[in-house]
Structures are given as C-alpha cells and as structure tokens.
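> Each chain, letter by letter, is given below.
Number of protein chains: 2
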Amino acid sequence: MKQLIGVDLGGTSLRAARMDTGGHILQHHSVATAATAGPEAVAAQIVALVEQVMGDISRSDIQGVGIGSPGPLDPFEGVVFRAPNLKGWVDVPLRAMLEKGIGLPVVLGNDGNAAALGEWHMGSGKGCRDFIYIGLGTGIGGGIITNGQLLLGRKGAGGEVGHIQIEGSGPVCACGQVGCWEAFASGINFARWATETLQSQPESALYAQAIAGKVTPADIFAAAVQGDAPALDCVRREGEYIGRGLVSLLHLFSPERIALGGGVMAGAALLEPHVRRVIETQAMEPFRDVEIVYAHHGEHAGVIGAAALLLS
Amino acid sequence: MKQLIGVDLGGTSLRAARMDTGGHILQHHSVATAATAGPEAVAAQIVALVEQVMGDISRSDIQGVGIGSPGPLDPFEGVVFRAPNLKGWVDVPLRAMLEKGIGLPVVLGNDGNAAALGEWHMGSGKGCRDFIYIGLGTGIGGGIITNGQLLLGRKGAGGEVGHIQIEGSGPVCACGQVGCWEAFASGINFARWATETLQSQPESALYAQAIAGKVTPADIFAAAVQGDAPALDCVRREGEYIGRGLVSLLHLFSPERIALGGGVMAGAALLEPHVRRVIETQAMEPFRDVEIVYAHHGEHAGVIGAAALLLS
Numbered sequence: 021m022k023q024l025i026g027v028d029l030g031g032t033s034l035r036a037a038r039m040d041t042g043g044h045i046l047q048h049h050s051v052a053t054a055a056t057a058g059p060e061a062v063a064a065q066i067v068a069l070v071e072q073v074m075g076d077i078s079r080s081d082i083q084g085v086g087i088g089s090p091g092p093l094d095p096f097e098g099v100v101f102r103a104p105n106l107k108g109w110v111d112v113p114l115r116a117m118l119e120k121g122i123g124l125p126v127v128l129g130n131d132g133n134a135a136a137l138g139e140w141h142m143g144s145g146k147g148c149r150d151f152i153y154i155g156l157g158t159g160i161g162g163g164i165i166t167n168g169q170l171l172l173g174r175k176g177a178g179g180e181v182g183h184i185q186i187e188g189s190g191p192v193c194a195c196g197q198v199g200c201w202e203a204f205a206s207g208i209n210f211a212r213w214a215t216e217t218l219q220s221q222p223e224s225a226l227y228a229q230a231i232a233g234k235v236t237p238a239d240i241f242a243a244a245v246q247g248d249a250p251a252l253d254c255v256r257r258e259g260e261y262i263g264r265g266l267v268s269l270l271h272l273f274s275p276e277r278i279a280l281g282g283g284v285m286a287g288a289a290l291l292e293p294h295v296r297r298v299i300e301t302q303a304m305e306p307f308r309d310v311e312i313v314y315a316h317h318g319e320h321a322g323v324i325g326a327a328a329l330l331l332s
Numbered sequence: 021m022k023q024l025i026g027v028d029l030g031g032t033s034l035r036a037a038r039m040d041t042g043g044h045i046l047q048h049h050s051v052a053t054a055a056t057a058g059p060e061a062v063a064a065q066i067v068a069l070v071e072q073v074m075g076d077i078s079r080s081d082i083q084g085v086g087i088g089s090p091g092p093l094d095p096f097e098g099v100v101f102r103a104p105n106l107k108g109w110v111d112v113p114l115r116a117m118l119e120k121g122i123g124l125p126v127v128l129g130n131d132g133n134a135a136a137l138g139e140w141h142m143g144s145g146k147g148c149r150d151f152i153y154i155g156l157g158t159g160i161g162g163g164i165i166t167n168g169q170l171l172l173g174r175k176g177a178g179g180e181v182g183h184i185q186i187e188g189s190g191p192v193c194a195c196g197q198v199g200c201w202e203a204f205a206s207g208i209n210f211a212r213w214a215t216e217t218l219q220s221q222p223e224s225a226l227y228a229q230a231i232a233g234k235v236t237p238a239d240i241f242a243a244a245v246q247g248d249a250p251a252l253d254c255v256r257r258e259g260e261y262i263g264r265g266l267v268s269l270l271h272l273f274s275p276e277r278i279a280l281g282g283g284v285m286a287g288a289a290l291l292e293p294h295v296r297r298v299i300e301t302q303a304m305e306p307f308r309d310v311e312i313v314y315a316h317h318g319e320h321a322g323v324i325g326a327a328a329l330l331l332s
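These protein sequence lines are chains A and B, in that order. Position in the first sequence counted from 1, then plus 20, gives you the numbering used here. Position in the second sequence counted from 1, then plus 20, gives you the numbering used here.
Be careful, since some hints might not be right.
As the list makes no split between identical chains, a pair holds if one copy fits it or if it spans any two.
Said to hold, decoys possible - DMTMM-like, lysine to aspartate or glutamate: derived pairs with alpha carbons at most 20 Å apart:
{"hint": "1", "residue 1": "K175", "residue 2": "D309"}
{"hint": "2", "residue 1": "K107", "residue 2": "E311"}
{"hint": "3", "residue 1": "K120", "residue 2": "E71"}
{"hint": "4", "residue 1": "K175", "residue 2": "E276"}
FYI, nobody ran anything at the bench for these hints, they're computed from the structure.
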C-alpha cells in the first residue's frame, strides 16, 4: 500500500506528516504559519513541508497529499473561501496551487470532516457503516459517515454539527446565530457559562478564579475530582448539553457509534454518566444502545485526518 | 419500463395503486383497514388489494410492491416492530408474509421515507443529489436524500426529523421527549399552543372557539387571511418554529432543495415569508440560498411514496 501525507493548515501552526494507511506516523514536521504573508507564501511553506516529510521516499510510493483546513471551503473544487486567522485568504484555489508545486494528487477538506475520516479509517470508527465524530474544542466540529460515505452535501458544506439549534434563545454563537449546540457545549462556552455560574457560588474552590474571570474546563474537572459540588454541577450541566446535541444526531443518523474528541474530552470520565443518562432518557428506544467511544487520535488528529481525506 | 404498485398501510385506510415509474396512477383502490383483526387478516387484505389494482396486467410487467407503514420497522429485514392503531402488531415479518401471497418482490419502508422517495423520484425533488422532504401533519415525518441515497442508518431507524430537539423544555412530544421540533411545529401541536394562546385574546375572531378548545390550523389560516392580528401572530410563530428546525437540517445536510408537505402546508403562502426570514437570518451564509418548495403529491402521496420504495 502506498503511504499518505497529511497537512494540517492552522492559523498558528502548519503541520505535516507522512504515514502508512493505518495512520502510523513515519515522519512529521511543523512550522509557524506565515499567517500574514498571503496564500502564495503559505502554499510555498506547504510545498517545502511536504518535501521534508517525504524524506527519501519516491513520489511513486505516495498516494497523495491531504490538506485539512478550517473555515468555509469547497472540497469538490479545492478552493478555500475564507481562512480564519490567515490574512488575505479569499477564494484561494489551494488545491491547484499545491498540485503544481508538489507533483502529487492533492485533496482538500475541512478539518472536522478530516478528523472524522481519520477516526473512521484508522481509529475509533473502523468498520462502521454509520459513524459520527464530534470534536468538542474551542468550537464543535465533526463529520458524519452515513451508509459508508462522508456526508458532504451541496458545496460540501454539510456536517456543521456544532450549528444545530438546541435552544431558541441564549448567547450568540461564533456563527452569529443564537441557540447553537456549540454556543452551550464547546470548550470556550463551557468555560464562559461555568465562570458566570461560579461567580455566585462562594462555596466553590473556584469562586475567586471565577470572580477574576478565568475558569477553564480543566479547572472545573480538577475541582470536580476533589468533590467540589458547584464544579460537579457544572460538569453535570455540560454533560447534559453534550447529550442533548447527540440525541438530535441519533434520531437523524442512527449511527452505530459516536466518537467524542477534542479538549473537553479531558473530562470524559466525569462527563460520561451525564451524557449517557441524557441518551437513555431522551433518545427513542431503538437509538439508546449506540456505542459512545472516545477518539483515538490525540495530538496527531489533524495530520492523520488530513491524510484520511485521501481515503474518503 | 415496468409498472409499480404502492400500498399505504394506515390504521384507518389501506390504499393501493398501480402506476408508471413517473408516478402517474393507472388504477387505485382502498378499503378500511381490518385494524383489530391481527396481522394475518391485514396481510390478506393487502394481497387482495394488490390483485385488484393489478387488473389485467401480467406479473411480469410489474417491478414489485412497495409498502409504506408508520411506526418503527426494519426496512432491511422487512419487519414491522409495532404499528400504531393496529391491534396485535408486534414484530410482524410483513415482507415475508406478503411475498408468498403476492408472488412479486416486496419492499417495506416507513411512510416518511417513502414520501421523501416519492417526491425525489417523481415529484419536487427530481434531479437533486441532496434533498429533504418534511411532512408537517399530525406529527412531523420525512426523509433525507444525501449524496443520491436515502439516509437509513443503523436498523434503518434514521431520518426521524421530527425528533430533533429545538428547545430544552416544553410540552411532552408523542415520543416521550420534551423539546422535539414536532412538539412545537406539527399540526396537532400548532393547534394546541395556538388554542392556548388565543384563549387570552378576546380581540381575535377565534376567541370563542379557543375557549371552547377547538381551534385548528385551518381556522387560524382562515382568520389570518381576514387580517385577524392574533391569528397572524400564531402564523408567524408557527413559521418560525418550522424555520428553526430547517436551519438545523440545513447545517447538517446542506441540501439543494427542501420540499414541505402535509396538512400544515395548506397555509404555505402565509407561512412562507416567516420560514424564509428565519433561514435568511439564522442559517449560515452558504446555506441561505437553498430552494424551499412544496411537495407535489397531495392525496396520493402515500401510495406514490410506497411505490417509490422500489426505486431507492
């Protein structure tokens, strides 16, 4: 089997790795993204990184290069519409720009879909016909495999799992809507509402920190492990928010398995009973026995996912 | 092209029709369902109905028989788990029972999916690769076509569009959950909350009827056409509920087109501006230009959809 190269295009770092089709990393390298230098400069960085991770391997032993990128993009045309945190990126035909420089097939996909494909082909979703990956980080991203295919939809824009509405009102989401799942359950939003809540709970060990406006999910999990009741209550509420979004996804997709990943899953053991309770009480009976698992790919999720775009 | 036979299995009526692959009905017939006589009796009714609509046509000119049924069922195995309003229906292997009697291939599917396939193959969804049909009747049913395939999921249980959560609290849905889209936007729920609302609005022409507990969607639409302000406000709210569910579906599936059908769509012209406003203000930009259309199949939607199960 040929090897794969994955490139994770972020606003801060640009990471590349060469791996086998099982996701075992053979060589990897990263650089700071030239975020203000424009698309041509970043494309040149990507070409150089790919050259580096290729090492002594011949081009004929490489299947291609997958590029995972945040932000709105067209995976069919290989065009990045806008890239958050990258200056001057508007309608960039990245695939065409890179194929010339790299001399290998290039596939472009959004990072949530890429991570889902990585878990499906090489991780927690192996062997499933219907699988969902949810990444709970700063935002909520992910991807959906239905009937053995990545759900893309028109313009490849589907699978925006973070932007299903779970409430008719509430804080404004990063997308501009109110009521999105992400606006309640993502890491940054968990931190926001937990900080607000703990500001009126002097009995919590996190009270002073909350007043100073600095409680993170990690702080909440640490306090909860110590038995801090207000922190435990925040964990319960976060688990319930996560579970409620999953219930809607279950009813729509009836997956065999859902994998959860991202920074918030540092508290998986604490969150899990609450997530499961919501599924057991709010999902309809035929959906309750879904497997809930944790994503396999941690620090290399970005590059493994990007490489898996070549397998979709 | 061979002809198709569709059978719509309802708790009250059993309808069958023979049609061409364009959904043009050549012969149809219906009888009252023997709802209390058990599965064998209903299967015998179906066999007799199929014989009737077959007329003088030879079996070799018929592709098969599609059966659309409400309630939980396994389309892969052809088993009805439970049929609402049909006595003694538990785990009925309906496909096997019918194939013996009919002597033609039989396909079983849920009525929401069937209606979606009917619209996709022979109606408002023709030519789409990504299409959603939503039927707003007593409940909310429907079906999802993604990447040119009906979304089924594990056990064929996916596509339960009415049971995405749009609120964390509210009235209990027919499924037992709270917060389902159906519990706000379906016809029976529209009638429920509108009746409650109008009970405190003596300025409405519907006030006395609301006090008597009998306002229907048709009443509300009729009053709204006359300019009744409280009725217009109910229409606005119903349109917003419909739109909010659609926003979640847009973000997940990115369909080219959504078709709306069912009894509530009798008020389509009144509801449409509100539905569109929600999409234009709450959906993310790449999703806003989705086509919203109305289902083509009215009174024959059940049998046409059932026949379309043969084409999926």
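> If a hint holds in the structure, say so; if it doesn't, say that too.
Now for the hints, and whether the structure bears them out:
no., hint, verdict
1, K175 <-> D309, "between (33 Å within a copy, 12 Å between copies)"
2, K107 <-> E311, "neither (41 Å within a copy, 33 Å between copies)"
3, K120 <-> E71, "within (13 Å within a copy, 64 Å between copies)"
4, K175 <-> E276, "between (27 Å within a copy, 9 Å between copies)"
Comparing the model with each numbered hint stated earlier shows that hint 2 is the single one that does not hold.
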